[in-house]
Amino acid sequence: MQRMILAFVAGGLFGAGLFISGMTDTTKVQGWLDVFGNWDPTLAFVMGGAILPMAVAWRVTKGRSPMVGGSFPTPPEPKIGRNLVLGSVLFGAGWGLAGLCPGPSVASLSYGGWPHWVFFAAMLSGMALAPMARAQLDRAVPAE
Amino acid sequence: MLSSIPSDWLFGLGGGLLIGLGGAVFLLGNGRIMGASGIIGGLVDGSGKGNLGERIAFLLGVFLLPILIYPLFGEVDTHASGNLAVLIAAGLLVGVGTRIANGCTSGHGVCGISRLSLRGMVATVFYIMAGGLTVVLFRHILGVI
Chain D
1 MQRMILAFVA GGLFGAGLFI SGMTDTTKVQ GWLDVFGNWD PTLAFVMGGA
51 ILPMAVAWRV TKGRSPMVGG SFPTPPEPKI GRNLVLGSVL FGAGWGLAGL
101 CPGPSVASLS YGGWPHWVFF AAMLSGMALA PMARAQLDRA VPAE
Chain V
1 MLSSIPSDWL FGLGGGLLIG LGGAVFLLGN GRIMGASGII GGLVDGSGKG
51 NLGERIAFLL GVFLLPILIY PLFGEVDTHA SGNLAVLIAA GLLVGVGTRI
101 ANGCTSGHGV CGISRLSLRG MVATVFYIMA GGLTVVLFRH ILGVI
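So the sequence lines, in the order shown, correspond to chains D and V.
Under our numbering, the first residue of the first sequence is numbered 1, with each subsequent residue one higher.
Under our numbering, the first residue of the second sequence is numbered 1, with each subsequent residue one higher.
Derived by calculation from the structure, the hints in this document are not laboratory data.
Do not take every clue at face value.
Derived, one-sided and incomplete: chain V residues facing chain D with beta-carbon distance under 8 Å [what the hints assert, rightly or not]:
hint	residue
1	G14
2	L21
3	G29
4	L52
5	I69
6	P71
7	H79
8	L84
9	V86
10	R119
11	I128
12	L142
C-beta: ideal position from N, C-alpha, C; glycine also.
All chains should be modelled from the sequences, with the hints used to inform the complete structure.
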């Protein structure tokens with residue numbers, strides 16, 4: 001139960017932060033990416049603001065365990081593979097097209113209107129197809 | 001001095017701090033990394049069966065809080081595209097891409113960079129570059145968005 005409550009609080013803070021920061025407004029996201037147009041630096045402030053408490057949190061994890069028990073996630077192997085690069089490029093293209101990424105797509109569902117539901121449904125479909133796409137990719141170009 | 005800074009930047013910073021605080025609660029409380037695409041994707045492809053409740057509780061928070069604070073801000077327009085093809089293509093790309101890359105703006109960006117993860121930084125460079133090129137191509141050259 002404690003685990004669920006903490007997850008709900010974390011999600012609530014995340015959702016409120018996305019809304020207040022303007023990251024659910026697609027013009028602010030596309031404005032950040034639009035370096036040759038009317039560039040909007042807001043996203044840098046959001047990123048900077050979000051990284052601060054997280055950097056503190058990562059320091060606090062040293063020598064401790066999570067409140068609900070268990071252990072903290074260990075750092076992944078610092079491997080820069082094809083999947084990381086290719087996946088990020090595909091994600092970035094979609095992000096630029098619609099101005100939405102997974103977090104804000106959930107935070108804006110309640111008030112954004114039908115385009116947000118269309119995007120969300122397509123995103124879930126993409127996520128459902130991802131394991132297949134990954135397998136195809138491995139077959140075509142075996143990972144290094 | 002504050003009045004000379006655009007209010008959007010201050011809201012961005014304040015909202016950003018809340019986002020990071022959410023990530024800190026999820027990490028220190030549950031020992032989990034706050035990555036939106038991983039939390040949603042695990043529900044979609046079944047890889048998150050082991051902690052279904054936690055994922056749903058998190059997403060419920062993300063979904064509900066904006067409804068509660070929405071009235072404080074009055075009219076809010078998300079300026080989302082009304083072009084069906086753009087929305088579907090974008091959604092598919094975001095869904096497939098984040099799952100293949102194993103992370104998005106929150107996981108690789110916020111949680112990765114803050115622990116100085118090389119993977120997080122590389123992913124962030126690539127999705128920002130791809131996003132920038134996409135906006136140039138589809139806004140300034142093709143005029144679709």
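Checklist entry - Which numbered hints turn out to be false for this structure? => result 4, 6, 12
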